[in-house]
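Using the sequences and the hints, build the whole thing.
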Amino acid sequence: SGSVYADFLPSNVLPATRKLYMMMPGNDVHGHPIFVFRAGMWVPEEVPYMDYHRAGMICYEHMACNPVMQTLGIVLLVDFGGFTADKLLSLSMNIGLLRSAFEYIQDCMPIRLKMVHVVRQSYAFDMLFTLVRPFMKSKLVQRAKFHGENFERLHEEIPPAMLPEEYGGHGPALDFDAFWKQVEANEGDFEANNRFGRVNNDVDAVSTGCEQPQECTSL
Numbered sequence: 001s002g003s004v005y006a007d008f009l010p011s012n013v014l015p016a017t018r019k020l021y022m023m024m025p026g027n028d029v030h031g032h033p034i035f036v037f038r039a040g041m042w043v044p045e046e047v048p049y050m051d052y053h054r055a056g057m058i059c060y061e062h063m064a065c066n067p068v069m070q071t072l073g074i075v076l077l078v079d080f081g082g083f084t085a086d087k088l089l090s091l092s093m094n095i096g097l098l099r100s101a102f103e104y105i106q107d108c109m110p111i112r113l114k115m116v117h118v119v120r121q122s123y124a125f126d127m128l129f130t131l132v133r134p135f136m137k138s139k140l141v142q143r144a145k146f147h148g149e150n151f152e153r154l155h156e157e158i159p160p161a162m163l164p165e166e167y168g169g170h171g172p173a174l175d176f177d178a179f180w181k182q183v184e185a186n187e188g189d190f191e192a193n194n195r196f197g198r199v200n201n202d203v204d205a206v207s208t209g210c211e212q213p214q215e216c217t218s219l
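Be aware that the sequence shown starts at 1, since it is given in this note's numbering, and climbs by one per residue.
FYI, nobody ran anything at the bench for these hints, they're computed from the structure.
Please read these numbers as outputs of a predicted model, since none were measured by experiment.
The list that follows gives simulated cross-link-like pairs (lysine-lysine, BS3-like), each with its CA atoms no further than 25 Å apart: (1) Lys-181 - Lys-19; (2) Lys-137 - Lys-114; (3) Lys-114 - Lys-139; (4) Lys-145 - Lys-19; (5) Lys-114 - Lys-19; (6) Lys-114 - Lys-145.
Listed below in structure tokens is the structure:
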């Protein structure tokens, strides 16, 4: 579909996309919930960018329904392991939607983004960062920490007992299925919210989501 908000239901998220996003069961050392985004694992041949983008928006809307997250804010753990030049090309072909994602996170989402931990980034990520840097406000840039394959500083913020082996920890494996069961439990809220707001029939229009009504959120 040409609209991010078409088929905007957790049950419509593709199985391959569900392995890219999840909320960890614990918090960082400051008490902030941790959202994991495995950006480098996206396979454009399996998941079209629109579906990839939509799944992320569904996760953000799910988190926005949680008063605790609205109060405490969240941190992102973004894993760019496996991110290659061909994936960069696919992203660059969807630059409008990519820009709208940054606008939504910075200006529309009723949850404060406290920190962004980037791990396992590659040269292709450096090119991506150059591409998206104009969309990032100085506050977001200042809150981004780049760890690469060295997880010592990451462990100062997120205890190793919470992190799986791939992030230098000794905690349990990431349970994506458990997270998506929680999201799907809110299917009724998504269905109700989808009945509100204006309908945009212009498939070329790019929406940041700012105008999307949020019955379950409070600013």
